[in-house]
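Undergrad: Since the structure of chain S is provided, determine the placement of chain L on it from the hints.
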Amino acid sequence: MLVARQLTKEYRSGTHALTVLRDVTFEIPQGAFVAVVGPSGSGKTTLLGLLAGLDTPSRGTVILDGTDLADLDEDARARLRGEKVGFVFQSFQLIPTLTALENVQVPLELRGDDSASVRARDLLARVGLSDRIDHFPAQLSGGEQQRVALARAFVNAPRILFADEPTGNLDRATGARIVELLESLNHESGSTIILVTHDAALAARAARIIRLADGVVVSDSESQSDAASSAASDRDAVTAVGVAVDADPKL
Amino acid sequence: MTTRWRLLGRLAWRESRTARRRLLLYMSSISLGVAALVAIDSFSGNVTRSIREQSRALLGGDLSWSSRQRFPASIDSLIDSLRVTGAPSARVTTFASMGVVPRTAGTRLVQVRAVSAGYPFYGEITTEPAGLWARLHDNANAMVDPTLLIALDAQIGDTLVLGFGRFRILGTLKNVPGDPGLAAVIGPRVYIPERFLPETQLLVFGSRAEYEVLFRVPEEVSPGKFVARLRPRLEAARIRARTVTENEMNLTEAIERMGDFLGIVGLVALLLGGIGVASGVHAFVAHKIDTVAILRCLGATSGQVLVVYVTQAAVMGLLGAAAGALLGIGIQFLLPHVIADFIPVDVAVRLEPAALGLGLLVGGWVALVFALRPLLALRSVSPLQALRRDADSTVLRMRWRDWPRLLVNVALVGSVLAIAVARIGALRDGAIMTLSIGVAIGILAASASLLSAVARRMLRRGWPYVVRQGVANLYRPANQTRAVVLALGFGTFLVTTLYQVQSNLVREFTIKTSASSGNLLFFDVQDDQALALDSMVRAAGHAVVQRTPIVTMRIASINGRATEALLKDSARATWPLRREYRSTYRDSMVHTETLAGGRWFRALGARRDSLGEVSVERDVARELRLRIGDLVTWDVQGVPVPTRVTSFREVDWARFEPNFFVVFSPDALTQAPRQFVLLTKVPDDLATARLQRRVVDRFPNVSSIDLSLIQGTLSGILRRVSVAVRFLALFSLAMGVPVLFSAVAATRRARVREGVLLKTLGATRRQIERILLAEYLLLGALGSMTGILLSFAAAWALMRWEFESAFVPAFPPAVLIGGLFMALTVVIGALSGRDVFRETPMAALREG
Numbered sequence: 000m001l002v003a004r005q006l007t008k009e010y011r012s013g014t015h016a017l018t019v020l021r022d023v024t025f026e027i028p029q030g031a032f033v034a035v036v037g038p039s040g041s042g043k044t045t046l047l048g049l050l051a052g053l054d055t056p057s058r059g060t061v062i063l064d065g066t067d068l069a070d071l072d073e074d075a076r077a078r079l080r081g082e083k084v085g086f087v088f089q090s091f092q093l094i095p096t097l098t099a100l101e102n103v104q105v106p107l108e109l110r111g112d113d114s115a116s117v118r119a120r121d122l123l124a125r126v127g128l129s130d131r132i133d134h135f136p137a138q139l140s141g142g143e144q145q146r147v148a149l150a151r152a153f154v155n156a157p158r159i160l161f162a163d164e165p166t167g168n169l170d171r172a173t174g175a176r177i178v179e180l181l182e183s184l185n186h187e188s189g190s191t192i193i194l195v196t197h198d199a200a201l202a203a204r205a206a207r208i209i210r211l212a213d214g215v216v217v218s219d220s221e222s223q224s225d226a227a228s229s230a231a232s233d234r235d236a237v238t239a240v241g242v243a244v245d246a247d248p249k250l
Numbered sequence: 000m001t002t003r004w005r006l007l008g009r010l011a012w013r014e015s016r017t018a019r020r021r022l023l024l025y026m027s028s029i030s031l032g033v034a035a036l037v038a039i040d041s042f043s044g045n046v047t048r049s050i051r052e053q054s055r056a057l058l059g060g061d062l063s064w065s066s067r068q069r070f071p072a073s074i075d076s077l078i079d080s081l082r083v084t085g086a087p088s089a090r091v092t093t094f095a096s097m098g099v100v101p102r103t104a105g106t107r108l109v110q111v112r113a114v115s116a117g118y119p120f121y122g123e124i125t126t127e128p129a130g131l132w133a134r135l136h137d138n139a140n141a142m143v144d145p146t147l148l149i150a151l152d153a154q155i156g157d158t159l160v161l162g163f164g165r166f167r168i169l170g171t172l173k174n175v176p177g178d179p180g181l182a183a184v185i186g187p188r189v190y191i192p193e194r195f196l197p198e199t200q201l202l203v204f205g206s207r208a209e210y211e212v213l214f215r216v217p218e219e220v221s222p223g224k225f226v227a228r229l230r231p232r233l234e235a236a237r238i239r240a241r242t243v244t245e246n247e248m249n250l251t252e253a254i255e256r257m258g259d260f261l262g263i264v265g266l267v268a269l270l271l272g273g274i275g276v277a278s279g280v281h282a283f284v285a286h287k288i289d290t291v292a293i294l295r296c297l298g299a300t301s302g303q304v305l306v307v308y309v310t311q312a313a314v315m316g317l318l319g320a321a322a323g324a325l326l327g328i329g330i331q332f333l334l335p336h337v338i339a340d341f342i343p344v345d346v347a348v349r350l351e352p353a354a355l356g357l358g359l360l361v362g363g364w365v366a367l368v369f370a371l372r373p374l375l376a377l378r379s380v381s382p383l384q385a386l387r388r389d390a391d392s393t394v395l396r397m398r399w400r401d402w403p404r405l406l407v408n409v410a411l412v413g414s415v416l417a418i419a420v421a422r423i424g425a426l427r428d429g430a431i432m433t434l435s436i437g438v439a440i441g442i443l444a445a446s447a448s449l450l451s452a453v454a455r456r457m458l459r460r461g462w463p464y465v466v467r468q469g470v471a472n473l474y475r476p477a478n479q480t481r482a483v484v485l486a487l488g489f490g491t492f493l494v495t496t497l498y499q500v501q502s503n504l505v506r507e508f509t510i511k512t513s514a515s516s517g518n519l520l521f522f523d524v525q526d527d528q529a530l531a532l533d534s535m536v537r538a539a540g541h542a543v544v545q546r547t548p549i550v551t552m553r554i555a556s557i558n559g560r561a562t563e564a565l566l567k568d569s570a571r572a573t574w575p576l577r578r579e580y581r582s583t584y585r586d587s588m589v590h591t592e593t594l595a596g597g598r599w600f601r602a603l604g605a606r607r608d609s610l611g612e613v614s615v616e617r618d619v620a621r622e623l624r625l626r627i628g629d630l631v632t633w634d635v636q637g638v639p640v641p642t643r644v645t646s647f648r649e650v651d652w653a654r655f656e657p658n659f660f661v662v663f664s665p666d667a668l669t670q671a672p673r674q675f676v677l678l679t680k681v682p683d684d685l686a687t688a689r690l691q692r693r694v695v696d697r698f699p700n701v702s703s704i705d706l707s708l709i710q711g712t713l714s715g716i717l718r719r720v721s722v723a724v725r726f727l728a729l730f731s732l733a734m735g736v737p738v739l740f741s742a743v744a745a746t747r748r749a750r751v752r753e754g755v756l757l758k759t760l761g762a763t764r765r766q767i768e769r770i771l772l773a774e775y776l777l778l779g780a781l782g783s784m785t786g787i788l789l790s791f792a793a794a795w796a797l798m799r800w801e802f803e804s805a806f807v808p809a810f811p812p813a814v815l816i817g818g819l820f821m822a823l824t825v826v827i828g829a830l831s832g833r834d835v836f837r838e839t840p841m842a843a844l845r846e847g
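Chains S and L, in that order, give the protein sequences.
The first sequence begins at 0 in numbering that gives the first Met the number 0 and counts up one residue at a time.
The second sequence begins at 0 in numbering that gives the first Met the number 0 and counts up one residue at a time.
Among the clues, some could well be false.
[Unchecked claim] Here are a few chain L residues that sit away from chain S, every Cβ distance over 12 Å (derived from the structure): (1) Ala-313; (2) Val-465; (3) Gly-517; (4) Thr-632; (5) Pro-639; (6) Val-722.
[Unchecked claim] What follows is a list of derived Cβ distance ranges for each label pair: (7) L:Leu-434 x S:His-134: 51 to 57 Å; (8) S:Asp-170 x L:Gly-356: 57 to 63 Å; (9) S:Thr-24 x L:Leu-830: 55 to 61 Å; (10) S:Gly-40 x L:Val-412: 46 to 52 Å; (11) L:Asp-259 x S:Ala-137: 49 to 55 Å.
FYI, nobody ran anything at the bench for these hints, they're computed from the structure.
All C-beta atoms in this analysis are idealised placements derived from N, C-alpha and C, irrespective of residue type, glycine included.
Next comes chain S alone, as it looks inside the complex (with noise of 0.2 Å):
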């Protein structure tokens, strides 16, 4: 269960104060799968951010699987974070000096857990890259680094699990492997996944939309999947837009 509560984030650059993000709230439930769109600058990333206990809140709550992350110090929330957060990102972020096999390795390795090895191959033969554990990230395609990240993402068994446009730097077909992939592991992990993007065809496969707008939760709905919900998604996305032209009078 995630749980955000008037979210807010100033950035303070002499004496002007900019809000990226206002007043943000929602619940999200044990194994939900949310995405979070918006155009660019709309405060996703800052949110994702928020959520996954990156940086902190000026003003607001938000509650990780129970835990106020208020009351966690920095090294804490990287416990947690170590324990029940797992991420995708959109440049895959593998550390390049690392293996893939020693890449899928590290959550578990922090933790002091000497089973990684074998968790982190079966995990990297289910995303299909038996054959490439001992390659570096420079070796690899960027559809490989993804699923290597994807990996790793789950090697802890996430009780949440955030991804930052992970098909942002993937063709069409590579990232919807990855997302089918992505899918499937939820399936047998449980885990609540908090998808960003603004790719509305990848938005629509979450079960709930939660639309952001320059710092503000413009929309938050079920999705659903068939064509209708998604022509309904175009529209709502459209409307998005439409919010932010008007909150800009620069636009």
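TA: Chain L in isolation, oriented as in the chain S frame:
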């Protein structure tokens, strides 16, 4: 818990994979400093160990008694009685004399060592041809230094005349334990059997000679105990007793002091290395921001991140130190060949585990402490950087009041202080040294900031683009001004200081020797020979520069307190109370002297009493705690001569002219038995040889020193010292390379990215090269100039307080060193910038 540590260690090892070589390069800044420490400590360990092992051979016996005077009869009979009780003895009488080889008519001042059979009890004197030492006593034989044969154009089998004695040259000396080759500088050594000594008739009144008796005491008796009960009698007879242990302590102490001094150079080298490590690791840290951000996302705590990278730095630091230690061992094996003549012992070179361990430990520690400062910045890398990347400098910004950082700073200063104090052996001096280094670094950092500020202000729109860009690089965000100026300035500072001190010492020596007004000194001239010698010199057409009477004496009492009583007074130094003074009398000062207190002698009639007056050299006066007006009574060969101290003099000892601790008013000593020294000026070598031969023919007891010969020898020694300094300087210069590489590396990535961007926007290769050149030239010029100025200050301070002498800056070498460092900076800058040309714009832009 242990599993967690093991896994972290494994992660550290794997993660370092591609960066190992680079990290090792940064950490190798420490290597040469460690090499210096290991080499110096090992060599000093080798020497002291060798001294300990060869201590009996070095003394020649278990115990030595020595005196400047013939032993009194009571001591002679004591020696005889000791022989009966199982402590055999051997005598060595050492003095200078003229040696003449009649066949070639060559003359040369030699050091005669008349030894009795049995000498030495320990150790072996080796000869050429081999095994001839035992035959020395067969007849009137002489064993000589090979240099004597060369100087006199003589050969084995020739006759050598010493005074009235004639000796057959049996062979040459190869090695005499305890008597380093340097001893032959004043004159080559000549060993003769003691029983033929009287035949020479050289030891006459006032001759300077050293009388020594060596004992071999039975195994079960300790030399210390053996001599303990005899000490009062020996002291009364002014005989110095040395046991083998005391001798060993004296020698090792001197060696250790030399080692400590050189160790300071090593320490400074180590610190320079530390600066290199710090800037290199800074670059390394910037490179690791992305990885750290990912690790943090995956659940790594800041502590775990630090463990990973500190482990890497520690291992590489230890490897760098190990490489340095290996190099140090190599140097240690070379050293004995370079400075064998200066060392009184055959150095057995072997590994010194203590020195090796200490070098590794100190080097590894310094590397780690210096690396920790930049590494701490990794704690502040936010996991958010994996989502959205800020500029390196923003990511790594640290708060001032961060206690681990303060702790590391304290550890850093504390380590430097601890090492300095341990090296120098005194808290105060160690603290001064640490402070000076701190000030030097502070000044360098300040001058870097100044350069940035000036560059910002001076920049004009009208300048060509490449110059503007190059100058702007000095102050823009993520500039490398401070890192490069610090590394470069410190390197220049180190090398130039070494050079300045050396050239000042050499210059001083050269000025003084050339200022001497004579070049041939006759000594041991008897009272009745002085006038005849004077006219002989004049008849040969040479000027007599000085004819100085010499009277030998000791201090009997000061202000009525007898010497024996004064010796118990711990406030005074004992050596000036015990020594035999060779004083002169005259009514005016000579040009090597200046009045440092009181007034010069008054005429007899102008004094309050009829006491003779004396002028005492300032330093001796200080040691004796004398004041103007004090009464000093002298024991002039049994006759008490009371005097009043009326002045102090400062004496320039470095000139080759007769100088004296004590000068008497002429009236005080006219009746005393005296000798003369006579200084003449002879135009060339041939005239010198001719005059020496004529004098030795007529007065065999009179010795002479050709000062130009000594000057030549001393210049030779100075040249070797210079070579050693140059070696040290070159060493430091070599050390500057990895340090500068590290400094430049800190901003290399940003530089390359920027260069590639410029290329994308249409900059030509030439333009980019010029931008780099402008920047590095400015950095090089400022860094080396600040270093040179600092070195002038340091050299001035060293000359003023350590060598008590004036400082004259030597500009040409300073400019040369500065130029070299500047060139080094430009080359290293260009090398690090070559990636700009190697990378395609696309690759750099894709990287992000």
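Undergrad: Take the hints in turn and mark each one as holding or not.
TA: We went through each hint and held it up to the structure:
1. Listed as a non-interface residue, Ala-313 (chain L) keeps its Cβ farther than 12 Å from every Cβ of chain S; the least gap is roughly 18 Å.
2. Every beta carbon of chain S lies more than 12 Å from that of Val-465 (chain L), the smallest distance being close to 34 Å; the non-interface claim holds.
3. The beta carbon of Gly-517 (chain L) is kept farther than 12 Å from every beta carbon of chain S, the shortest such distance being approximately 75 Å.
4. A cut-off of 12 Å between C-beta atoms confirms that Thr-632 (chain L) is not in contact with chain S; the least separation is 83 Å.
5. Consistency note on Pro-639 (chain L): stated as away from chain S, and its beta-carbon is indeed over 12 Å from all of that chain's, at 87 Å minimum.
6. Once the 12 Å rule is applied to beta carbons, Val-722 (chain L) is consistent with being away from chain S; the minimum gap is 46 Å.
7. Between Leu-434 (chain L) and His-134 (chain S) the CB atoms are about 55 Å apart, so this pair conforms to the stated range of 51 to 57 Å.
8. Checking the proposed 57 to 63 Å range against Asp-170 (chain S) and Gly-356 (chain L) shows it holds: the Cβ atoms sit about 59 Å from each other.
9. A beta carbon spacing of about 57 Å between Thr-24 (chain S) and Leu-830 (chain L) agrees with the range 55 to 61 Å that was offered as a hint.
10. Taking 46 to 52 Å as the suggested C-beta distance range, the pair Gly-40 (chain S) and Val-412 (chain L) conforms, at roughly 48 Å.
11. For the pair Asp-259 (chain L) and Ala-137 (chain S), the beta carbons lie near 52 Å from each other, so the given range of 49 to 55 Å is met.
Of the hints listed earlier, there is not a single one the structure fails to meet.
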